[in-house]
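Residue numbers for the sequence shown follow the working numbering, so the first one is 6 and each next one is one higher.
In case anyone wonders, no lab produced these hints; they're calculated from the structure. Take the hints with a grain of salt, since some may be wrong.
[To be verified] With a Cα cut of at most 25 Å, we get these calculated DMTMM-like pairs of lysine to aspartate or glutamate:
id	residue 1	residue 2
1	K57	E190
2	K98	E42
3	K222	E142
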Amino acid sequence: MRALLTCSYNGTHFLGSQTQSETKNTVFGQIEHVLNEINITSKPQPSGRTDKGVHASGQTFHIDLPEFWTDLKKLKRILNEMLPNSIKILTIKEVDEEFHARYSAKSRVYRYLIKTTYSNPFEDDFISFYKDVNFEEIQKKMPVFVGEYDFKQFMKTGSDTGSTVREIYRSFAYKHKGLIVLNFEANGFLRSQIRLMVGALLKLSESEIKEQLECTKQHKIKPALANGLYLAKIKY
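Kindly generate the complete structure, drawing on both the sequences and the hints.
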């Protein structure tokens, strides 16, 4: 049986989500270890990867279950008992054998959380604190990203990808309970693309962002902090 699992995680103390041979201190390193403990040897296939310090409220992955694992409610309970508290399995459901968590995805939704007050120890791992952020200006600039562009100037050096062209379907900002929330939905994202997009929103004018998108001029930008970024949802 092929199963699709949805999970959330606090990425603060993990070295990213992707399994690494030299350490188990990654999100899927922990998940794979627990799966092996209950005799599920299928390697989890995630919808994508997140960097060190990035969180998820709706990450997905698929696995192929052995014949003796038919009770999905029991499997969810056992996984949540064995996984660290920073990782939570939200749902498990059966899918077609041809389904792939990454390649079957139609879009991916990320959110970035900003607060303009002073940072504090209770929120610092989960919200990026930037003073002097003008919400109205950010809100006005957000739609500039919508469309299909070559995002090679919004990509971390060393990214392993066949194409740097991506299509942004939605890009907007809103306020929620004292937070500025930046919402991005696309067919896919390059490594650190969203953090560099947020960095551009914080530093560049709308015309400068357009120059960067159209690859007519490159402006120096720093990626925004990782702690405010969440993989929110994978749409199938």
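Cross-check of the supplied hints:
1. Restraint check: the Cα-Cα separation between K57 and E190 comes to about 21 Å, which is no more than 25 Å; the hinted pair holds.
2. Taking the CA atoms of K98 and E42, the gap is near 21 Å; set against the 25 Å cutoff, the hint holds.
3. Proposed proximity of K222 and E142 is supported: the alpha carbons are some 22 Å apart, at most 25 Å.
Checked against the numbered hints listed earlier, the structure breaks none of them; every hint is satisfied.
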